[in-house]
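Q: Could you put together the complete structure from these sequences and hints?
As a plain string of letters, each chain reads:
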Amino acid sequence: MMTSLVVPGQPLGVATAYVPGTGVHIFNNQIIASLVGKVVTIPNASNTATTSSAPPTISVVKPVLTPEEESSSSTLLPDVSSTVLCRITRINARQATAAIFVVNDRIVGDEFQGVIRVQDVRLTEIDKVKIFTSFRPGDIVRARVISLGDQSNYYLSTASNELGVIMASSESGDSMYPINWREMKSVRTGAVEERKVAKPF
Amino acid sequence: MAAKAPDRRRNNPPSHGTNPPVFLSTSLPSSTIKPEQASRPPNEIRKIFLRTGLVSSVTGSSFLEIAPLKLSVSVLGPRPLPRTSTTPFAAQAILTTEVKFAPFASTVRRGYLRDSSERDLGSRLYQSLVGAIRRELYPKSRIEVVVTILDSEDEGDEVNTVYMEEGKAAFEPTFRDAGRAERALGVVLAGCITAASAALADAGIEMYDLVSGGVSTVLVDQFDGKGKGKEGDSEKRLYVRDPAIAPPEGKKPLATCVLGYMAARDEISELWILGKLGTKNGTAEMEELVDEAIAAARSSRGVLNEAAKERVQFIVDKAQSTTQTDDTEMTG
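Chains as they are written, first to last, in full-length UniProt numbering: chain G, 1 to 201; chain X, 1 to 332.
Be aware that one or more of the hints could be misleading.
Claimed, not checked - Here are the computed lysine-lysine pairs in the PhoX-like style, where the Cα-Cα straight-line distance is at most 25 Å:
{"id": "1", "chain 1": "G", "residue 1": "Lys130", "chain 2": "G", "residue 2": "Lys199"}
{"id": "2", "chain 1": "X", "residue 1": "Lys236", "chain 2": "X", "residue 2": "Lys251"}
{"id": "3", "chain 1": "X", "residue 1": "Lys251", "chain 2": "X", "residue 2": "Lys276"}
{"id": "4", "chain 1": "X", "residue 1": "Lys318", "chain 2": "X", "residue 2": "Lys47"}
{"id": "5", "chain 1": "X", "residue 1": "Lys236", "chain 2": "G", "residue 2": "Lys62"}
{"id": "6", "chain 1": "X", "residue 1": "Lys318", "chain 2": "G", "residue 2": "Lys38"}
{"id": "7", "chain 1": "X", "residue 1": "Lys70", "chain 2": "X", "residue 2": "Lys276"}
{"id": "8", "chain 1": "X", "residue 1": "Lys309", "chain 2": "X", "residue 2": "Lys276"}
{"id": "9", "chain 1": "X", "residue 1": "Lys318", "chain 2": "G", "residue 2": "Lys62"}
{"id": "10", "chain 1": "X", "residue 1": "Lys252", "chain 2": "X", "residue 2": "Lys236"}
{"id": "11", "chain 1": "G", "residue 1": "Lys185", "chain 2": "G", "residue 2": "Lys130"}
{"id": "12", "chain 1": "X", "residue 1": "Lys309", "chain 2": "G", "residue 2": "Lys38"}
Rather than coming from a laboratory, the hints here were simulated on the basis of the structure.
A: Take a look at the structure:
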């Protein structure tokens, strides 16, 4: 099979004929590639009924060599509303600081710093939330980016059932499993600790 | 900047440098000692070797060779801004470029610390690339382009040579020709631009267009003695693309133009003209010189396109061959 590759700056077609996807931009009413890669056109649903109302989406995709490469991306950045996995690095009464290492199921090249402020921990009874009973340093948390934040931190939120702690170790260091939405139990000692637990799938 | 403290942290070589071996010209086949310029028409650039993806620990990388020039480019990022960064919120990626000559890259040994010509090349490289990158896609992050020049025709920044550092000029600087050092740096800069574009493409950083570098020089016939007064229509201008540092026999370089050029958009992102052009019809000459540099940049763009595709094509071929073997295993 012959695959033609494109380079940045290469025109792919008139802007009216396609919907721009990823890896392309529009210049002079032309769709132009912005990446080196393969051109992928995906016909849109209504296009099958011979209507010209929904043109196909055109994107440029950079192929990857290995599955490991596919699951990670060094050019990936967190964006508003992307789901991330992060490790809690330090906590205080106002916020928990976390290192983001997975964005939208892909491993990032460099870890990004994010914060979960106390008002973003859960959806209801916000004023009763305490950071110390929600997270501990070392917890792995699923969270959503709510803002690009300031110069150093992305602002994260766990205010949803499926967001919160997904992996944690007890004070004695052994792993814990969730027993309800706000408690986790140690596998070995049976000790119960408080966390903002994510709903298991 | 002239009197700089010597670098005491590293184990430095002899300050007077070392002598390269000198071979008898008769021991070489006559073809190898032919002047390089003569073997190539003035409108043809030298052959370029350009390959991407050589450094696995960085996001993107490339290696470029044009005759004696050898350089490697690493692209890091987009990575988060350092915690101590003084920049407030950055809606667009911050690009940093760094050009460093290896200590052995010039004919005169260079120091480990960045000198003025390296900083100058770095800022020119920044200028040529910054407009081509879609920086708005990478907020709150920085993209670093690091160029290491391994070999060049550059003869070193006189101000920063070891001789000057120690305050004792060991030899009289011999007059070679005006703008010789700048011409060497121009060729280096054009190589940096082309190679950096390839590395950015390899990194998968989105760009509006690839930027390729081009150099051209305008030469005149050299007159014996005082030929200056005769400057006029009688002088024939020779425009050379991608010039070698040594001017051809009997020619005197007037000016050199280096530019970063986006061929698909027909945009010049960086323009550097040095030297003197005739006062009579300087504008026309200037335009001719720039056009020649653009033509040189177009030529290197062809190489750049192929180099950018090469590694991706390899991945595509590899993926296809593995799926084919998987299929045969299933049927067999």
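Q: Next pair to validate is Lys251 of chain X with Lys276 of chain X; report whether the Cα-Cα distance is within 25 Å.
A: It holds: about 15 Å lies between the C-alpha atoms, which stays within 25 Å.
Q: With the threshold set at 25 Å, check whether the alpha-carbon distance from Lys236 of chain X to Lys251 of chain X stays at or below it.
A: Cα-Cα ~10 Å, so holds.
Q: Take the C-alpha atoms of Lys252 of chain X and Lys236 of chain X, compute the straight-line distance between them, and say whether it is at most 25 Å.
A: holds, 11 Å
Q: Taking 25 Å as the top limit, are the C-alpha atoms of Lys185 of chain G and Lys130 of chain G close enough?
A: holds, 19 Å
Q: Within 25 Å, alpha carbon to alpha carbon, are Lys309 of chain X and Lys38 of chain G?
A: Holds. Lys309 of chain X to Lys38 of chain G sits at ~10 Å (cutoff 25 Å).
Q: So if I understand the rule, the pair passes when the alpha-carbon distance is 25 Å or less; does Lys130 of chain G with Lys199 of chain G pass?
A: Between Lys130 of chain G and Lys199 of chain G the Cα gap is close to 19 Å, so the pair holds against 25 Å.
Q: Below or equal to 25 Å on CA atoms is what counts here, so check Lys236 of chain X against Lys62 of chain G.
A: violated, 50 Å
Q: Holds or violated: Lys318 of chain X and Lys38 of chain G, Cα atoms, limit 25 Å.
A: Between Lys318 of chain X and Lys38 of chain G the Cα gap is close to 14 Å, so the pair holds against 25 Å.
Q: Compare the distance between the alpha carbons of Lys70 of chain X and Lys276 of chain X with 25 Å, and conclude whether the hinted pair is satisfied.
A: The hint is violated at about 29 Å.
Q: Straight-line Cα separation of Lys318 of chain X and Lys62 of chain G no greater than 25 Å?
A: holds, 14 Å
Q: Taking 25 Å as the top limit, are the C-alpha atoms of Lys309 of chain X and Lys276 of chain X close enough?
A: violated, 39 Å
Q: CA of Lys318 of chain X to CA of Lys47 of chain X, is that 25 Å or under?
A: violated, 28 Å
Checked against the numbered hints given earlier, this structure breaks hints 4, 5, 7, 8; the rest are met.
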